[in-house]
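Chemist: What follows is each chain in one-letter form.
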Amino acid sequence: MSITEIHNTSLNEFKDLDKSKLIGMLKDMVRIRFFEERVEELFLVRGLLIGPAHLYFGQEAIAVGICSSLSRDDVVLSNHRGHGHAIAKGIPSKYVMAELFGKATGTCKGLGGSMHVCMYPKLGALYSSAIVGSNIPIAVGVGFALRNTGRIAVCFFGDGAVNTGAFHEGLNMASYLKVPVLFVCENNQYAISMKASIGVAARSIAERVSYGYNMPCYVVDGNDVLSVYKASLEASSKIRRGLGPIFLECRTYRLKGHGVYDKAEYRDKKEYNEWIERDPILLFKKKLLEANILSSREITVLEDEVKKEIDEAELFAQSSQVMEFNKLYSLVYG
Amino acid sequence: MGDPMRTLTYAEAIREAIREEMKVNPKVFIAGEDIGVYGGAQKVTRGLYEEFGAERVIDTPISEVAIVGLGIGAALMGMKPIVEIMYMDFLPIALEQIINHAAKIYFMSGGELKVPLVIRTQYSLGRAHGAQHSQFFPSILLNIPGIIIALPSTPYDAYGLMKTAIRSENPVVYIECCILYHRVKDKIPDQEYMIQFGKADIKRIGNDVTIIAISRMVHEALEAAKILEEENISVEVIDPRTIQPLDIKTITESIKKTNRVVIASDDCVFGGIGAEIAASIQEHVFSYLDAEIVRVGAPNIPVPFSPQLEKMYMPSREDIIKAVKKVMYLE
Amino acid sequence: MVNIYMPRFDPAMETAKIIEWIKREGDLVRRGEPIAKVEGEKTIFEIESPIDGVITKIMYPENSEVKAGSIIAIVSEAGEVKPIVEAVEKTRVKATPIARRIAEEHGIDLSRVKGSGPNGRITKNDVIREIERVKVESTEAVLIRTGRARVLRRFNLSGLRKTISERLTYSHRTIPSASITVDVDFEDLIKLREMMEKSLKVDISLTAFIVKATAKALRSHIMLNSSIEGDEVTVYDSININVAIHTEEGLITPVIFNADNKSVEEISNEIKILTEKAERKQLTLEMLTGGTFTITNLGPYGVTTFTPLINPPQTAILGVGSVNHKLVAKDNDLDLKPITTLTLVFNHQVIDGVPAAKFLNEVKRNLENPLILILESKIAKQ
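Chains as they are written, first to last, in the numbering used here: chain A, 16 to 349; chain B, 69 to 399; chain C, 6 to 387.
A couple of the hints might just be wrong.
Listed next, the in silico DSS-like pairs over lysine-lysine satisfying Cα-Cα at most 27 Å (straight line) [what the hints assert, rightly or not]:
no. : chain 1 : residue 1 : chain 2 : residue 2
1   : C       : Lys119    : B       : Lys393
2   : B       : Lys324    : C       : Lys140
3   : C       : Lys140    : B       : Lys325
4   : A       : Lys342    : B       : Lys317
5   : B       : Lys325    : C       : Lys119
6   : B       : Lys91     : A       : Lys193
7   : A       : Lys342    : B       : Lys182
8   : C       : Lys335    : C       : Lys363
9   : B       : Lys95     : A       : Lys193
10  : B       : Lys394    : C       : Lys119
11  : A       : Lys342    : B       : Lys267
12  : A       : Lys109    : B       : Lys182
13  : B       : Lys182    : A       : Lys118
14  : B       : Lys394    : C       : Lys99
15  : C       : Lys119    : B       : Lys324
16  : C       : Lys119    : B       : Lys390
17  : C       : Lys99     : B       : Lys393
18  : C       : Lys267    : C       : Lys221
19  : B       : Lys324    : C       : Lys99
20  : B       : Lys95     : A       : Lys137
21  : B       : Lys325    : C       : Lys99
22  : B       : Lys182    : A       : Lys193
23  : B       : Lys182    : A       : Lys137
These aren't lab readings, by the way, just hints derived from the structure by calculation.
Please model the entire structure based on the sequences and the hints provided.
Modeler: What follows is the structure, given as C-alpha cells:
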C-alpha cells in the first residue's frame, strides 16, 4: 500500500482557512506547552504532585494538528503521554490539572491520574490506556461501532507500541474488518531509552505497516503543525468514505525525558540541539508572523491569556475536594 | 397444564439465548474464531451466521488480544458484543485486555464509561485434549474486581445466565463446560427468563452435609448424593452459578443446618475457587462447623493427555463421597 | 500458706528423720493427704497436709535428721500459686466449633465428654449423645431414689435446716469424739423441785437444774468449756450454755449466757422465754451464738440414752435421758430410784477420758446434791 510523505507545508495551502482556526491552533499548542511547564514545576520544583507524568514537550504539533482536523463527534483514544491529546481535544485544562491532583473534579474523578487524563466522553475523548499498545485493539472495536456513521476513531500511540502484540493484532484486525480508524504513531525516536531506529526491526514504521497490513500510510513531519493537519484532513476524509483504516507516522522528537524525572542522559546532545531548533511552536510562530496573521504583541497577549488560564487551572485543582473513599465501592460494577 | 416447555441441550440453550437477544437488539453481535461460517468449534453458534449475516457474526483471525479489544471498544460505544475465546487455555493471551481494561474502565472513568461485554469461553477437561487445551482456572479472574464470572451447569442455568449477561452493563466472563454441551438435556420454559447474578441454586435439599459444586461437578455431586442416600446420608447440593458475585448467604444458611461442607470443582484444589469459598465460610459460620471444610478438585499438576491418566486426574463422585464421609467421621 | 512442722512425738525426742517425701514440690495435695514419712524413736509417722493446695517448698531432702518444731515444708493455697496449678489443670479440650456451641447452650462440661473424632476430637454427635445420657442418668437417678415409692414431698435443705445439716455432717466426719455415760439419781432433785413448787410457788424445770449443775462443774473443769478450730483451741472464761430446744423446724440451741452466775430460777425463766421465742421464730443471731457448751435433753420424749453430736466448734456436749425408775443397790438394799442417764460426748483432740469423767462425775454430784445448786456459797465452790 502507498506511503505518502508530507513535510514543509506552507500556509499558502490553507489560504481559505479562517485565520481564527490558525490562531486557535497556535493557542492550543501554547496551552499544551505552558500546561506541561507548569506540571513539570509542580513535580520537580514545588513537589506538589506525585506519580507518573509523561510530558508532551516538542510533540504539540501532532495533537493539535490531528484534533483540529476532527469533528466533535469523532472519537479519540490516547495513551500515557496524553496531556497534549486531552487539551487539543478541547478538555478544559482545569479538569486535566484537577485529575493530576487526584481531585474529584478531574476528568476521571481523581481515579485515573496522569496516564488517563484524556477521558472525557462528552468531547469525544473516549479512553486512555496506560499499557503501551493496548488502546489499539480497543480502537478497532470503537471503529467497528462507528462503521457507516461518517465518524472516525483516532488512536494515538508512540514508536514503542509498534512492537507489541496488541499493535500487530489490532492493525491486522483493523485492516481485516476495514474499520474507520486513523492510527497516529508519534515517532519521537525513543521508546524510553530504546531508539526506535534500533528496536523497530523493520525498514521503517511506515513500511512495516504498509507492507505488513496493507494499510495506506503517511509519513509526516510531526513538528510542522500544518503538515500534520493536512495529512489528517486527507486521511480522515478517506476513512469517512469507508476506505478503511489509515496509518500516520508522525516523526517528531521528545524534548524532555520519558517521564518527568527522566533526564534522558541516554540521548546525544548534538541530536537534541538539532531538534530544539525545530521546536514546533517556534516554527509555527515564525510562519504566522511572516504571513502577518499575528503580530509579536498579539502573540504576547495570547501567551498571557494562556498563562492566566493555567494559573486558574492550578488554583481550581488545588481548591477542589478528593472523592469520598466509600464511594469507590459503588464504582466497581455498573 | 403448566407453562409450555422446550427441550434443549446445554449448547442449544446458550445459542437460543444469544439468538433471541440478537433478534431484538441490533446492537448485539458476536465475534470470535470460527464462530460464523464454521458454526463454532463446538457448534454452539451454529446457524447464527446464516440467520444474521457477516455484519453481526464476525469470524476473526487468531488474535485473542484483538478479539477482546474489539469487544471492549465496541462496548464502550454502546454496542453489546459477545466475543468468544475458543478454549479457556487461550484466555491468558487476552488477560491484559480483560484485567487492565475491561475490568477497570468503569472505575477509572469515575463511572462515566461502561463495558457491557460478554466474553464466552469453555474448558475441555475430560476430552483428552492435553494440558494446554483442558484447564479450568476461574480463580485467576476472581482476584480482579470489576468482572462478573458465570459458570452454568445446566441448560436451564445456561439460558438464564446468558440472557442476564447480554443485558448486563458489566463485563461478564461466561465459562462453559465442553463435555456438558451436547450430553446434558433439559426442559426449559418457552417463555424467556433471566437468572440474577449472585443467586445460588439449591439443586438438591439435604440435611447432613452441604456440597457446594461448580459446573461439571454439580452433576457429579448429584450422582454422589444418590449413592449416599442409600447409606442414609442426606446431602444438600448448592450450585453458586456465579462466583463473582458469590451468594454467600445461601451457602451459610445451608451450613447452619448441616454443620458440614464439601466444595467440589474441576480446578486445582490449591489456589482454586474452593479456597476463597472456604475462607469466606469460616469467616461467617465458624461456630457452626462440625469438621474441617474439605475441597474436592484436581491435583496440583497440569492435565495429563493420556485418557487413562486424565480420568484419574479428574475429580469424581467417588472423591465427593469420600469427602462427605470424612466430614461425617465415617471413614 | 501453711508451714508443715516436724512434729515432736515424744517429749524426749529432739530430732526425727525424713524417710520419704510422698509429695514433691509443685505437687497438688488434698487436705489430709500424706506428704511425708518421718521416723521418730519408735514409730514411723505420716505427716498429712492440713489444707488443699500445692507443695511450694520442701526444706530438707530425704534422710535428713530434722529438729522437732522446724519447718520441713510449705503448702500454699491453690489460688496463691496460680501458674503451677494452671499448668497442671489446663489441657485443651479438642472439640469442633458446633460441638462447643451446643455444649455451652446445654451446660455440658466438655472435659467430661469423650470425643469420637480424630485424635479424640469431640464432635456434634458426641455432645448430643452426652446431653441424652445426662437426661437418662438424671431420670435414672430419680428412679433409684424413689423406686416406686409415692412421693409425698420433695424439698432442698435450706436455711436453718441446711446449716444444721452442714454442721452436723462436719461434726460427724471430722471430730474424733468419745462418749462416757453416768447414771444420776434424781430423787433428791425431784423432791427439792416439788418442795419449791409447793411452798414457794415457783416452777423450775429439771433442765434448768441440769444447766446450773453443768455450769458449776464446767467452772472447775474449764477445759470442757472450749472450742477448737484447726489446731487452735480456745478455752473460754464465760460459761454460755446452749440449750437444745426442739421446734417444728428442727433443733435450735439458744444460749444461756453466764449460766454459772445465774440462779436456777433465772435460768428456768430464760429457758421458758427462749422456748417461746423459738416457737414463734423470734430468736435472733445474738441469742444463738456465743455458746461454749451444749446440753440436749431428750428425756421428755422418753429416750433413756443417746449419743448426741458435738456442736462445733465446741468440744463437748451433754445428752440427758429420761427419768426412769430403776432398782439401785445401796447399802445392801435394793431401792427403786428415779435414774437418769447422762451422756457426755467430747472431742478427744482436746479432752482426755479422765478429765471428762471427772467433769461428768461432778455434774452427777451436783445433781444428786441439789442444794448446792440453789446455794451460792463457798461450799458449792469446793
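Chemist: With a cut-off of 27 Å on the C-alpha distance, tell me whether lysine 91/B and lysine 193/A pass.
Modeler: holds, 25 Å
Chemist: Straight-line Cα separation of lysine 324/B and lysine 140/C no greater than 27 Å?
Modeler: holds, 25 Å
Chemist: Measure nothing beyond the straight line between the CA atoms of lysine 119/C and lysine 393/B; if it is 27 Å or shorter, mark the hint as holding.
Modeler: The hint holds at about 21 Å.
Chemist: Hint check: lysine 182/B vs lysine 137/A, CA-CA at most 27 Å. Holds or violated?
Modeler: Distance of about 14 Å is within 27 Å: holds.
Chemist: Just to be careful, I want the Cα atoms of lysine 119/C and lysine 324/B compared with a cutoff of 27 Å; is the pair within it?
Modeler: OK: lysine 119/C and lysine 324/B at ~24 Å, within 27 Å.
Chemist: Does lysine 267/C pair with lysine 221/C here, judged by a C-alpha cut-off of 27 Å?
Modeler: holds, 10 Å
Chemist: Tell me if the straight-line CA distance from lysine 324/B to lysine 99/C falls inside 27 Å.
Modeler: holds, 21 Å
Chemist: Do the alpha carbons of lysine 394/B and lysine 119/C lie within 27 Å of each other, as the hint requires?
Modeler: With Cα atoms ~19 Å apart, lysine 394/B and lysine 119/C stay inside 27 Å; holds.
Chemist: Can you confirm whether the C-alpha distance between lysine 182/B and lysine 193/A stays at or below 27 Å?
Modeler: Holds, at roughly 25 Å.
Chemist: Assess, step by step, whether the Cα of lysine 109/A is no farther than 27 Å from the Cα of lysine 182/B, and give holds or violated.
Modeler: holds, 25 Å
Chemist: Just to be careful, I want the Cα atoms of lysine 140/C and lysine 325/B compared with a cutoff of 27 Å; is the pair within it?
Modeler: holds, 24 Å
Chemist: Is lysine 119/C within 27 Å of lysine 390/B, Cα to Cα?
Modeler: holds, 25 Å
Of the hints listed earlier, there is not a single one the structure fails to meet.
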